[in-house]
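Protein chains in written order, with the working numbering: chain A, 257 to 493; chain B, 135 to 367.
Think of the hints as simulated: they come from the structure by calculation, not from any bench.
The beta carbon of each residue, even a glycine, is placed where N, CA and C say it ideally should be.
Honestly, I wouldn't trust all of these hints.
[As the list claims (entries may be wrong)] Stretch-level coverage of chain B by chain A, calculated; a stretch enters the list once three of its residues show a Cβ under 8 Å from a Cβ in chain A:
hint, segment
1, 280 to 288
2, 293 to 306
[What the hints assert, rightly or not] To give a feel for the contact side, a few chain B residues facing chain A, derived at Cβ under 8 Å:
hint, residue
3, L210
4, F260
5, L263
6, L264
7, G267
8, L269
9, I270
10, A274
11, V275
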Amino acid sequence: MSPTDTGACWLVRDFGRVVFAIVAKDLTIELRTKTAFLSSMVFAILVLAILFFARDPTAVASIDVAPGALWVTFTFAAMIGLNRAFLLERENRALDGMLLTDAPRTAIFVGKALANLLLVAAVELISLPLFVLFYDVPIFARLPELLTVMAMATVAFVAVGTLLSSMVVRTRFAELMLPLLLLPFLIPPIVGAVQVTSLILAGRPLSEMSGWIKLLAAFDIAFCTMTILLFEATLDE
Amino acid sequence: MISRERALGIAKGGQIVTAVALVALAGIFVRALVFTPVERLQGPAQKIFYIHVPAAWAALIAFSVTGILSIVYLWLKDRRIDMAAASSAEVGVAFAVVMLTTGPIWGKPVWGTWWTWDARLTSTLFIFLLFIGYLILRDAVTDPDTRGRFSAVLGILGLVLVPFIHITVYLFRTLHPEPIVLKPSAPSLPGEMLVTLLASLAVFTVLYFGFMMQRYALGSLRELREQEVQSAP
Chain A
257 MSPTDTGACW
267 LVRDFGRVVF
277 AIVAKDLTIE
287 LRTKTAFLSS
297 MVFAILVLAI
307 LFFARDPTAV
317 ASIDVAPGAL
327 WVTFTFAAMI
337 GLNRAFLLER
347 ENRALDGMLL
357 TDAPRTAIFV
367 GKALANLLLV
377 AAVELISLPL
387 FVLFYDVPIF
397 ARLPELLTVM
407 AMATVAFVAV
417 GTLLSSMVVR
427 TRFAELMLPL
437 LLLPFLIPPI
447 VGAVQVTSLI
457 LAGRPLSEMS
467 GWIKLLAAFD
477 IAFCTMTILL
487 FEATLDE
Chain B
135 MISRERALGI
145 AKGGQIVTAV
155 ALVALAGIFV
165 RALVFTPVER
175 LQGPAQKIFY
185 IHVPAAWAAL
195 IAFSVTGILS
205 IVYLWLKDRR
215 IDMAAASSAE
225 VGVAFAVVML
235 TTGPIWGKPV
245 WGTWWTWDAR
255 LTSTLFIFLL
265 FIGYLILRDA
275 VTDPDTRGRF
285 SAVLGILGLV
295 LVPFIHITVY
305 LFRTLHPEPI
315 VLKPSAPSLP
325 GEMLVTLLAS
335 LAVFTVLYFG
345 FMMQRYALGS
355 LRELREQEVQ
365 SAP
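Isolated chain A, as found in the complex (with noise of 0.2 Å):
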């Protein structure tokens, strides 16, 4: 492994290797328990169901709240899952144990980021036949669209949501924390997301989305980087 983390000496090889050991690592370790991914799992069905009976069915066709209910989903679905990234290192001092040896502290964050993204994804991917089969909308026509929506809208919020999980488990009221500072940063992916899925489902042409989409892409890219540089920020000395 490298001699040092800082500059451009740790070759491209062994920052792989760091990050595809903690992804192994948490993804082992949610096999064994799936305690993030069933309780995930388990609220995003009930949060799409009540979302379904939040409305005056004479009034408000379902397909019109489809969107945003399919977004709040996975919202607070994802929310549940991120705050257990960090609960996780936190036992036994484990965090310190990873920053002790000498990988690149980059790759630490971006290995827990991509397991996050993985376990969210696979919540997302789940939820999305029990959504079509709840809210009875046609999206098969759609669906590399809707796919390449989701994938956007779910990077940016799970590089902030694990960034800000590792500070936010480290202070005095920890997992209430994370919704009080993630949601500010989600208006822009949510609301983009939202807008896109209903165009979607709406069968209008991509060119209408094209605002969005390029809103959704620049905040991944800026928000991307800058939580990789920024998590250094927030370990100890």
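Start from chain A and add chain B according to the hints.
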């Protein structure tokens, strides 16, 4: 950290600056109500403009200062900079409250509604909530160095978030009056109104510095007291 004498000196200075600003603010009220013409379409409701816009301006300065000081803090790791960033955020929240309460009072007679999900209203509401989150985060961390680092990271993320929120809501739709002073062509505000507005902007800026100095001194004194308590037998 700064010494107790220095903190008391800054507090004193802050009180003087604030007092001067408050007297000037009374002058602005008189000028706005008596010596500035009534707007033809909006009537007397437009007078709130001379408080609303300067409060928004002061909040904007305050949050920008917090964001910039956050970057400087991560670079220099000086506790005084962290304290200044926190003071600025708290003062900014106070000005944001003024802005968010005067806005609807004007909106009701002129727009016919207290609130609308317009670009500027929504952006400022979320920025306000973000900075409340910033202050709560500071409260939740006991170690001063960790607190400084965490809040600096949040401050920097916030600085990048603000334009994104604005574009988002702008893409959604907008209703807020267009800028009439800071715009590419010449200001379209009549001369007397412009003078009142500019004077009010200046007064609110001074008021911001007065509050900021007092808050900074208070924060420093509180930290000194905490150190005394901890080091006492």
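Taking the hints in turn, this is what the structure says about them:
Residues of the segment 280 to 288 of chain B with a Cβ under 8 Å from some Cβ of chain A number 6, which satisfies the need for three, so the listed coverage holds. Counting residues of the segment 293 to 306 of chain B whose beta-carbon sits less than 8 Å from any beta-carbon of chain A gives 9, enough to reach three: the coverage restraint holds. For B:L210, the suggested interface contact is broken, since its CB lies about 13 Å from the closest CB of chain A, more than 8 Å. Interface restraint check for B:F260: the shortest CB-CB distance to chain A comes to about 5 Å, inside 8 Å, so the restraint holds.
Restraint check, B:L263 versus chain A: the minimum CB separation of about 6 Å is within 8 Å; hint holds. At about 4 Å, the closest approach between the beta carbon of B:L264 and any beta carbon in chain A falls short of 8 Å, and the interface hint on this residue holds. Annotation: B:G267 was flagged as interfacial toward chain A, and the flag holds, the nearest CB pair being 5 Å apart, inside 8 Å. Contact between B:L269 and chain A, as hinted, is not supported at the beta carbon level, the nearest pair being about 11 Å apart and thus beyond 8 Å.
Given the 8 Å rule on beta carbons, the hint for B:I270 holds: about 7 Å separates it from the nearest Cβ of chain A. Checking B:A274 against chain A: minimum C-beta separation of about 4 Å stays under 8 Å; hint holds. Look at B:V275: its Cβ gets to within about 5 Å of chain A, closer than 8 Å, so that hint holds up.
Violation of the numbered hints given earlier is confined to hints 3, 8; the remaining hints are satisfied by the structure.
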